[in-house]
Amino acid sequence: MHACGHDTHAAMGFAVAAHLHRARDSFGGTVRLIFQPAEEDEPSGGLRVVEEGLLDDIDAAICVHVDPYTPSGKVAVGSGPYTLRAIRSM
Numbered sequence: 454m455h456a457c458g459h460d461t462h463a464a465m466g467f468a469v470a471a472h473l474h475r476a477r478d479s480f481g482g483t484v485r486l487i488f489q490p491a492e493e494d495e496p497s498g499g500l501r502v503v504e505e506g507l508l509d510d511i512d513a514a515i516c517v518h519v520d521p522y523t524p525s526g527k528v529a530v531g532s533g534p535y536t537l538r539a540i541r542s543m
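Just so you know, the working numbering puts the end of the sequence shown at 543, numbered straight through with nothing missing.
Source of the hints: derived by calculation from the structure; they are not laboratory data.
Some hints could be false.
For lysine to any residue, the following SDA-like pairs were computed, each having C-alpha atoms within a straight-line distance of at most 25 angstroms [what the hints assert, rightly or not]:
no., residue 1, residue 2
1, K527, I515
2, K527, C516
3, K527, I511
4, K527, T483
5, K527, M465
6, K527, F467
7, K527, G481
8, K527, A471
9, K527, D478
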């Protein structure tokens, strides 16, 4: 581990997967966890996720990203490309 955002994202994803696995009898449907490759690059790995069909046939998407501009202990919520928008406005 080198304690970067990728480690945080992986830990959050695995924690969600473990929780959903334990609660699997309490909901219906399929959950797909996707780790976006190359999220820092332009064009981002998000385009690759779409092109490879990973978002096909889904009803909803919930995305999480560590944002160094959001104070510790706070959660920022918005639709669309939140983190990229915040960085470009600085």
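Need the list of violated hint numbers for this structure, in ascending order. Result: hints 3, 4, 7 and 9 break, sorted rising.
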